[in-house]
Amino acid sequence: MKNNEYVLQMKNISKEYYGNRVLKDINLSVKAGEIHAILGENGAGKSTLMNILFGMTVIHETGGYEGEIVLDNDSINIKSPVEAMDLGIGMVHQEFMLIPGYSITENIKLNREITKDNLVNKFLPDKLKTLDFKKMGTDARKALDTLGMGIDEWVKVAGMPIGYMQFIEIAREIDKKNIKLLVFDEPTAVLTESEASNLLKAMVKIKEAGIAILFITHRLDEVMEVADNVTILRDGELVATKKNNETNVMQLAELMVGRKIEKIKKSSTEKRIGETILSIENLNVMMPGEEIKGLNLEVKAGEIYGIGGLAGQGKIGIANGVMGIYPTSGEITIKGEKLKLNNPKDALNKNIAFVSEDRRGMGLLLDTSIEMNIAITAIQNKGGFIRNFVLFTQVNNKEMKSHALNMIKELDIRCRSEKQVTRRLSGGNQQKVCIARALTLEPAILFVSEPTRGIDVGAKKIVLDTLVKLNKELGMTIVMTSSELAELRSVCDKIAIISEGKVEGILSPDASDVDFGLMMAGEYKKMQSKGDDIK
Amino acid sequence: MMEKINRFYKSFGLPRLIIASFLAILSVTAVVVGLPIGDLFSAILVRFGMHGILVLAMVPAIIAGIGLNFGLPLGILCGLLGGLISIELDLKGFAGFFTAIIIAMPLAAIVGWAYGWLLNRVKGSEMMVATYAGFSAVSIMSIGWLILPLKSPEFAWPIGKGIRTTIALVDRYERVLNDFWDFTLFAESDKLRLLVPTGSILFVLFACLLMWMFLRSRVGVAMRAAGDNPKFAEASGINVNKSRIVGTMLSTILGSIGIIVFNQSFSFIQLYQAPMFMGFGAVAAILIGGASVKKASISNVLIGTLLFQGMLVVSLPVANIIMTLESLAEISRIIISNGIILYALTQVSGGE
Amino acid sequence: MADRKELFDNIKSFFVSNMVTIVFVILGIVGFYYSGLSLPFFVNELSIRITRNSLLVLALIIPVLAGMGLNFAIVLGAMAGQVAIIAVTHWGIIGVRGFMLAMLLSVPLAIVFGYLTGKLLNKTKGKEMITSLILGFFANGIYQLVFLILIGTLIPMDNPVMVLSSGVGLRVSLDLTGGLKYAIDHIWMMSIPWTALTMSTYTMLFVLIRFYINKAGKMTKKVKNTHLYILAVAVIVALGNIYRINMIDENSAFLWALLATISLPILYIAMKLYFDQSEKMTKKSAQKHYYFVAFALPSFLLSLYIMRTASIFNMLRVPIITVLAIAIVCVFTVYIMKTKLGQDLKTVGQDRHIATTAGIHSDKTRLTAIIISTVLASWGQLFFLQNLGTMSTYGSHEQVGMFSIAALLIGGASVSKATIGQALLGVVLFHTLFIVSPLAGRNVFGDAQLGEFFRAFVAYGVIGLSLGMHAWKKQIQSRNSLK
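Chains as they are written, first to last, in this note's numbering: chain Y, 1 to 535; chain C, 1 to 352; chain W, 1 to 483.
Worth flagging that the hints you see were computed from the coordinates, not collected in a lab. Here the structure is a predicted model, which means the values were calculated and not measured. A portion of the hints provided could be inaccurate.
[Said to hold, decoys possible] Each pair of labels, with its calculated beta carbon distance range:
id: 1; chain 1: Y; residue 1: Ile506; chain 2: C; residue 2: Lys4; range: 57 to 65 Å
id: 2; chain 1: C; residue 1: Phe206; chain 2: Y; residue 2: Gln420; range: 26 to 34 Å
id: 3; chain 1: W; residue 1: Trp91; chain 2: Y; residue 2: Lys134; range: 24 to 32 Å
Quick reminder that beta carbons are idealized off the backbone N, C-alpha and C, glycines included.
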């Protein structure tokens, strides 16, 4: 007897990471044949929720979760992704789990290959039975047909357009016999517009086949187009659950972003905002996952310029492109001089410094002393801390040490000594070392990416205060990239929101939540042009 | 207390601990059975001087990020050629020795540059490519030794073509370094008489000093950063590929000098297949000294060479007393040197 | 015009992608010319070397497909084989019985060695090749320790023929004459033309039957009849084969007839069982069949012709059982790759991350691949040594890894791709070079040693080159994927 109309119910789900509450009393119910959208910024708790649903090891290693998950009528506690798969919960990954050298059929049947019995291998273990390609092909054909995909099931995946690959991923999931619930994790992020609209059509088909869909996205128009219900998460809390016909794009945008903003007292003294110091024209940066496609930007001397936007939209790519870390094209002008692209050395020579978002990967020499970490870029590019003998050079230890001690004091870097290696420092102190290195270069423009990611509250404040102080006292131009909108709004003079590798719009920190929300979701320009049409 | 032991154990490393205790046991046995301690120590010192530079050659390679330089034979071949040319010029003593080095160094620099260029193209597989680059170079140079137009009478076989397999250095630069300022301690005691090859030890220490200074120069600091974290280095305006080439060149040059030092102490130049596995010995020594595939220091060189050579020196006579089997020492060398390399490979995280 | 350009491009890409192999074909031909060897002598020498070495090279294929690169650790498999030979020789069990026992004995040893190798390689992912190379050296040390030191001290062994006069350690070489020498090879020999004739007949039969099975359902009656007709002809040819043997000597004729009557239906059933799943034959596999026929038919005719002449080729003999063993290992490899295990191996080889996400135990799969490879290598070494007749106790295994890998690469394989065809072709080309280079060296440069050094250089160089090219390609690919 099946008296429960819901396929999946998540009741009062809460989760703590090391005393840090990341999910709080989330309730979510999905019916068979329903598309349920989950909407939220980065860090709103979407991925944690999905990790719980799929029983990822991260969850169990950090003390499990609170609350109850009910699948059909049974209360379940999923221990591993494989178990989730067995229970009929499927996931369409953001990154494709496809083997290029295999045919579509082989990919659809990956590790679920059909074997067959015959005289010889009847007595062998399953692993040693030959594959039944005929049956596998039939199954694959069926799954592809369900999605309305006419492509030959024996074609190799290599070289296919990305949209097709996404469909193959989906076909694999719906080929699983007992599939009840399918999770789409930002499936349209990598697709072209027409591919995305095909995907939405396919989702409707799957829904009509009686499968429930959880649709994780930040594209508001897609939500409005296909979702039956929307749940909005923000900072680990459930903000609202809305029916499709009861809401609109504007409301969703506001719900997604809205929060109380702590107004930082803006200094009463007028800032001296000068001429354009940095201008970027038609910038393209090939940073995987954070691509920039034809972006224009102008920064004036003395500004703190904020760059915001959702993950994967490209905001991180700007600073990395200017510094020449990823392949870049376009035109960048610093104080009227053209910057040589793809050349970190030239950027450093033009007095640009960069505090990377990838602190441990790119920002630090983890097994080297604090003092050397602070000094090294200046040693290599400015000839600092170096004693020159005629035939050779030697690092000037004394100078390096006194400078490091100075910085340690100034930025309050908590360490045993300036000789300590940076690996064991806390995230906040590591970040301060990175900033110290950038400051040692005495830059005219300072790029800071995700300055407060993964550091504690106290360190956060010091880092942000330092930036404001540098800007105020030295007139240093700062370009700050951050996923934390609140932080940008508290510190910056101007905020550019990046969407799909371009500037969606530039706002003052006091602009309304709706505007920020629409821009982050990439809906602002569309809405405006619609508005113009009405006019 | 336990924690202290634990920390000591961790910083010292399991394999070093095993080898150090093995050496300790061997030494105690040697004393107990009444072997001439002085002779053993002299032998260790001689071998330290012999191998020190070759082991030091690993340092720039590891620090620059190309990993264990199994392609050391490339440098060694340049050194051998330098040595042969110095004999061909009919030079003797220090003149012969230093001429060999002066000829070998630019050769090694060129070879090292090309080798570095190659390794930049095979990032991630450097060790394997280096091994086979070394092997192929040794076999192509075997052809070279057959057909090189070197005419010195010392090179000729009684019959047949090509250069001899081993060339005696008796009248050339045999032990020029070893005998320089050498002195004997406890000369009156049979058991303790200890001959110190001052010159060769000073030479090794001087080379180490130069290397230490290089690592503290601007180029050295850049190289270290490039090896430690290429992404960081690139962002700091360091040319990673160039740094790697510098490291490879230095390693190759040291290899070429190392073999000349080795030869003067050994009194012979060995050609053909002899250099094939010389890189492996040097790699094993520095690993025993506590280096890893990514990290190495001068102290690793000194400790490693002493431990590894010490073990080889002491194990032979001790093994002879126990089993009268000469092969035991060679076998333990094979097992230990390859074992330590395997251990180092399992410690490399990544590849994922 | 477009067609011609396409044709030209095709030819160009064929030459570029088969560069190594083509160079070695040319080297082989030139070397043979200058060696001054007679063709029959060369063919004889080559056929001995092919039958001797093929199994060891085939043992390399599965780890390559599993993404573990070239398994230098087949040296450990060879050691397992040698341990078995030492034991069997010590017990004085000779001939086929001794050989069978050695095969049996080497399996558990090889499994243990393979297991340990696999464990180690799982700990050094991404550095499998250098690890397996060093592991070979390391294991050699252990091997020496056991057989040079422990025998006679810890392991009692009373055998003055095998043990050194001091009573400790085995002698440097072990003569297998009167023991395992030719234990398999001499069971049944056939002349080269006979072997070629038989093999080509069966190849054609195989292709036709397979073709028939594949198309049977869809064929028109006329086509069907044509094929039946061809099949009948092929069977008659096979019967003719029997008749031919009958004229030579009664004994082998009986064997032949027996084999033919038993094997034809077995062959038929086996093929039906193994291959009927691939009903959807791609163009490529159809092409492969044409190649088979294109090879088989001329060799069929040629061998028929030679048999009618008094050519010296009729005197050269091939060890049939060894050839069969090679064939079985080929079939085994093909079969494994068509099973679920094989599919897992390929998946893990292509992308370990995706495989794990899909629920495949990638470490376990890799372990299996190495164990299979090690066991095959141990048998390969047994076949190798029974043909060679003397075992160099401390040397026979040392070069096995390097020579086999060089052969595989010369055949056109790479670190991530290898086929049976490449393995066999590689053996032919590599050993051609082996036979001709010392003589060619002597004749051209007046020095045989030069040829030998050149040979060593080729072996090392081809491995180095192939590894380098592979790494370079990977680097370029990852750079391109960014763009």
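Against the structure, the hints come out as follows:
1. Y:Ile506 with C:Lys4: 57 to 65 Å: holds (59 Å)
2. C:Phe206 with Y:Gln420: 26 to 34 Å: At 32 Å between Cβs, range holds.
3. W:Trp91 with Y:Lys134: 24 to 32 Å: violated (51 Å)
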